[in-house]
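Q: Quick note, the sequences are listed as chains L, W, X and E, same order.
The opening residue of the first sequence carries number 1 in the numbering used here; numbering runs sequentially from there.
The opening residue of the second sequence carries number 1 in the numbering used here; numbering runs sequentially from there.
The opening residue of the third sequence carries number 1 in the numbering used here; numbering runs sequentially from there.
The opening residue of the fourth sequence carries number 1 in the numbering used here; numbering runs sequentially from there.
Worth flagging that the hints you see were computed from the coordinates, not collected in a lab.
In this text, a Cβ means the ideal position worked out from N, Cα and C, and glycines have one as well.
Misleading hints may appear alongside valid ones.
Stated by the list, open to error - Covered stretches of chain X (chain L as the covering partner; in silico rule of three or more C-beta atoms under 8 Å from a C-beta of chain L):
| no. | stretch |
| --- | --- |
| 1 | 136-143 |
| 2 | 335-348 |
| 3 | 496-506 |
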Amino acid sequence: MQIELRILRFDPERDRKPHEESYQVEAGPMDRVLDLLHKVKYEQDGTLTFRRSCAHGVCGSDAMLINGRNRLACKIRVDQLKGRRITVAPLPGLPVMKDLVVDMESFFAKFRSVQPYLQADDPDPERERRQSAEDREVFDDTTKCILCAACTTSCPSFWAQPSYVGPAAIVNAHRFIFDSRDDHAADRLDVLADGDGVWRCRTIFNCTDACPRGIHITQAILEVSSKIVEHHA
Amino acid sequence: MLFRYRGSEGMLAWAFHRISGVAVWAFILLHVFDIWLANVNPTLYNDLLSLYGSPAGRTVETALGAAVLYHALNGLRIIIMDFWPSTTRYHKQLWYANWVVFVVIGIPFVLQIMAPAFGLAAPFSFGG
Amino acid sequence: MIREHDAIVVGAGGAGLWAALELAKAGVDSAVLTKLYPTRSHTGAAQGGVCAALGNQEEDHWEWHMFDTIKGGDYLVDQDAAEVLAREAIETVIELEHMGLPFNRTPEGKIDQRRFGGHTRNYGEGPVMRACFAADRTGHMILQTLYQQCIKHGVKFYDEYHVVDLISEGGDLGAGGRASGVVAYRIADGELAVIRAKAVMLATGGFGRMFRVTSNAWSLTGDGAALAYRHGLPLEDMEFYQFHPTGIVGLGILLSEAARGEGAYLLNKDGQRFMERYAPKLMELAPRDMVSRAIYQEIRAGRGIDGKDYVYLDVRHLGRKKIDEKLPDITDFVRVYQGIEPYTDPIPIQPTAHYAMGGIPTNLNSQVTRDAANTVVPGLYAAGEAACVSVHGANRLGTNSLVDLLVFGRRAGRQMVLDVKGADMPAVTEAAAEPVRAELEAFRARPKGERKEAIRTELADVMMDDVGVYRTGEALERARAKVDELRDRYTRVSVDDKGTTFNTDLLEAREVGYLLDTAQTMVAACINRKESRGAHSREDFPERDDVNFLSHSLATKGADGAVALDYKPVTITKFQPKPRVY
Amino acid sequence: MARISVSGTPRPMSGGYELAIWYLMRLTALGLFVLVLAHFTIVHFIYDPAVQNANWIAARWSGAAWRTVDWLMLSAVVFHAFMGMRTVIRDYTKGSTQMVLTMLLYLAAFLIFAMGTIALVTFPAAVKVAS
Ligand SMILES: Cc1cc2nc3c(=O)[nH]c(=O)nc-3n(C[C@H](O)[C@H](O)[C@H](O)COP(=O)(O)OP(=O)(O)OC[C@H]3O[C@@H](n4cnc5c(N)ncnc54)[C@H](O)[C@@H]3O)c2cc1C
Ligand code: HEM
Ligand code: SF4
Ligand code: F3S
Ligand code: FES
């Protein structure tokens with residue numbers, strides 16, 4: 001079927017502000033939006049710019065605003081979107097570098113700020129550290145994150161204040177705070193108890209809806225805030 | 001962005017919560033002021049209060065009541081999720097439940113408050 | 001502008017990150033360059049597991065792992081390397097656990113292990129549980145864990161810097177020169193950065209994008225291998241390319257062998273577990289080359305589903321609980337990309353281009369070598385899928401690639417730490433960027449010419465159809481002619497995007513060139529290897545020929561632009577070649 | 001456009017303050033849930049606004065009990081509503097605007113709290129309405 005693809009485009013070398021452009025592409029129902037973007041780029045206009053790599057939802061390159069929601073272009077099928085017109089725009093709330101490419105530096109800086117790495121104080125044992133399957137299960141969900149930024153950039157609280165550390169960083173903090181092998185949960189809780197930390201979450205759930213990995217993000221955020229409360233009690 | 005992003009229930013719940021919160025806050029400013037006035041200038045206060053009994057006043061009151069009720073119920077929903085994070089999995093259901101309670105409580109209130117505006121007797125009477 | 005580091009690592013997949021970690025821990029001034037953000041590297045796509053003879057579930061020994069690796073590779077494996085691999089797999093997996101990798105756990109809290117194709121107990125008696133895993137996102141967890149550790153140790157990253165050339169001093173790399181840096185294109189604004197270094201490591205991954213149906217990311221275009229080749233270095237064993245049996249039909253997205261490790265069946269149109277006719281002992285868990293061939297045979301015999309070119313992977317009997325716990329991601333792929341519910345329906349699959357056994361030749365310390373005598377190229381290192389230490393020989397066993405990254409990525413890092421001490425910083429000038437600047441400019445300057453995507457698509461088609469699971473001399477000659485034609489057309493490619501900001505049009509044009517180089521060497525090596533061994537299956541030469549071909553091929557760029565082939569012997573220590581039956 | 005990322009961990013600026021506000025927001029909310037809804041029910045459901053005047057209030061505040069209850073409600077509301085507004089201000093403004101607005105907000109909170117308290121404490125038990 002024919003699909004009208006409306007893409008918000010911006011080339012800093014030519015445009016003063018972003019503008020929408022429309023493309024007609026032929027698509028099958030199982031085609032994904034990424035396939036359509038490729039068709040435009042390869043058959044109509046090679047200057048169309050977007051990131052992508054794995055093409056099956058595991059690398060986190062191609063999160064963008066599709067029909068008003070953040071999703072991975074490679075993981076959303078045309079038939080799931082219904083309708084003959086699809087709008088595509090860059091992730092909201094981050095500076096646009098060109099077309100669908102946003103500057104991710106601040107996003108990764110926030111990720112780094114929560115000490116997203118295991119810190120165990122006891123010396124490494126000869127063999128693996130033991131961990132029960134139950135203890136492992138507690139943080140299973142938050143290990144799935146691929147740092148695509150769909151969540152953080154869907155959050156109205158983040159749009160309002162880009163200083164908000166954002167759901168993605170909290171998810172990654174959660175992954176270590178609740179790892180029984182880690183000894184530095186308190187440090188991360190301190191970072192997240194900051195004015196730009198978890199308190200900025202207003203339980204809006206856009207993040208959870210947007211996450212292509214199906215992570216229960218809001219739950220993770222609230223588990224972290226509960227932990228902060230517990231920690232100070 | 002706020003208007004372009006297609007959020008679902010969670011985003012609506014928040015938007016209403018914020019709007020109702022701010023609205024109720026604005027009313028509180030007025031309300032504390034009028035109570036204070038009742039002390040300093042009871043006459044003026046009584047004049048002011050008669051406004052509350054007018055049809056327009058009653059409509060505003062109903063809206064206020066709706067805002068307070070929504071905000072309170074959704075506030076409860078938020079608190080439940082804050083202290084039992086696993087309930088976030090049912091946040092949509094909780095929100096729908098809010099609306100059910102909202103309607104069940106709201107209808108008698110609307111009838112009670114609005115009836116006099118149409119010259120009818122208030123449906124519920126407490127002998128007071 | 002010239003930048004300077006003692007050591008630079010090109011590529012931030014598992015191999016590159018571990019090397020960087022070793023450098024950072026040793027306090028060496030180093031940096032990682034990557035054309036993607038590190039966490040986008042394709043290591044993150046690996047699903048099933050990483051093998052190490054931990055013996056957590058049942059008795060196991062590294063010698064068994066070594067043997068399986070050698071037999072799996074159809075005896076083309078360098079056995080000293082396989083020994084290193086199997087031994088150090090154990091310590092690197094334990095080290096990963098210490099770094100925080102969330103492995104699944106046994107009831108006693110140890111790292112959980114499962115079966116994987118070709119991994120056996122007691123030298124081939126039956127399947128063994130050797131693959132350590134984190135659900136079906138083991139590679140994701142390895143990539144994340146290593147990146148996390150890099151953050152912890154303050155590794156410096158040049159994110160979205162596309163390395164477009166290698167620099168050497170004292171002659172080209174293939175002619176005795178020493179690697180002295182790289183030229184990198186900053187994707188954000190098109191600046192060409194010259195970065196000099198005492199040690200340069202290539203960890204750029206594979207080149208599966210030369211095939212139509214592939215499990216590989218768009219970014220896997222053989223950059224490192226092609227650049228090495230252009231500078232006179234040989235590429236080893238390029239004819240051995242693995243087709244993974246279970247890719248999603250048409251798309252090639254991988255459904256991990258973990259599914260079969262957990263007990264999934266392969267069924268033909270008659271609902272028959274056809275592997276019993278090809279590998280009665282290991283059944284579905286036979287090595288990949290065999291399973292892929294078996295699927296092709298079924299299809300040829302008209303036993304594909306509905307007579308078409310695919311068969312079924314069936315997980316229904318595993319039950320929802322096991323599917324959800326052990327295979328959540330791949331069942332998600334099936335739902336999203338095929339619209340099929342794996343609880344209730346069998347999954348249509350076909351072989352998909354997956355893994356390059358060959359690549360840049362290295363020795364046991366991940367130093368690049370430039371000839372049949374294994375002469376080391378000073379200052380140049382390689383590991384991961386881009387490299388060929390030869391632990392995979394003619395066919396890689398499932399999970400052994402991740403082990404390869406860990407073991408030889410770590411070795412590369414350690415070797416660089418030793419080598420940069422006392423070495424002097426090479427003298428490199430801005431001029432080093434000029435040749436590649438001119439090449440890139442040419443794409444922009446040509447007003448209208450060939451389209452890169454047409455070339456890539458035609459290449460992918462011919463490689464898939466003529467250089468796929470089964471090969472014949474005739475088909476290979478056809479492929480050679482086609483690749484030559486495409487190489488010629490490539491010199492006339494122009495791009496639409498003439499700008500400097502995030503010009504992916506330009507970089508993709510560059511990448512097509514890398515694919516053409518690697519494809520050219522692959523086709524040449526295939527034509528010359530007149531035997532069938534591991535993944536290289538010649539219908540016109542169906543037997544393995546140890547007399548003439550128990551040797552690694554080395555493909556070098558000849559003066560005339562054609563490929564020059566040389567051979568070097570396989571290192572055999574413990575296990576003499578035997579017929580390979582499972 | 002810095003493209004080189006070096007790892008680092010900025011230190012948090014404040015610890016317990018935001019937590020305390022967050023927590024008190026919830027505590028007051030629970031209190032208000034009862035108090036405000038009861039208040040609204042009494043004022044708008046059980047009694048009709050038309051019958052309410054200064055005398056009516058005087059009657060209700062004839063004992064200390066209702067005054068105490070209402071003062072608790074006042075305190076909770078002032079904290080909750082103004083801290084809620086602080087959040088709104090912190091969301092939609094930055095820098096000095098935010099500073100100024102927050103100061104104004106606190107000032108208003110103080111005024112409202114004072115006015116309400118004064119009314120509650122000094123309200124005469126019977127009101128003479130000049131006619
Ligand atoms: C779907 C799938 C599943 C797999 N599952 C398994 C498994 O279960 N077990 C197993 O052992 N193996 C598995 N493999 C194989 C294994 O994952 C890969 O071989 C391995 O991850 C390659 O790692 P690498 O470090 O060599 O390169 P990659 O992870 O591919 O990384 C390449 C890096 O190089 C960078 N790069 C490339 N070119 C340039 C350039 N020109 N300039 C700058 N940077 C550049 C990229 O940005 C990237 O950071 C799987 C592979 C696939 C595709
Ligand atoms: C009656 C019971 C009430 C309950 C249960 C309640 C609950 C809540 C909760 C839980 C929040 C925090 C939201 C968040 O941080 O995400 C909140 C915010 C707020 N509340 Fe209330 N509240 C109540 C009454 C009131 C009243 C009476 C007012 C006004 C006078 C009010 C004004 C506000 C405001 C302005 C906010 C901030 C909104 C925002 O952050 O978006 N609330 N309320
Ligand atoms: S939590 Fe989900 S949406 Fe957010 S970055 Fe991670 S994978 Fe993306
Ligand atoms: S959308 Fe934002 S407000 Fe919280 S629940 Fe998600 S982070
Ligand atoms: S391209 Fe990797 S997530 Fe879409």
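Q: For each hint, tell me whether it holds in the structure or not.
A: Taking the hints in turn, this is what the structure says about them:
1. 136-143: It holds, with 3 qualifying residues against the three required.
2. 335-348: Coverage by chain L holds for the stretch 335-348 of chain X (4 residues, Cβ < 8 Å).
3. 496-506: Check passed, 9 qualifying residues.
The earlier numbered hints are all upheld by this structure, with none contradicted.
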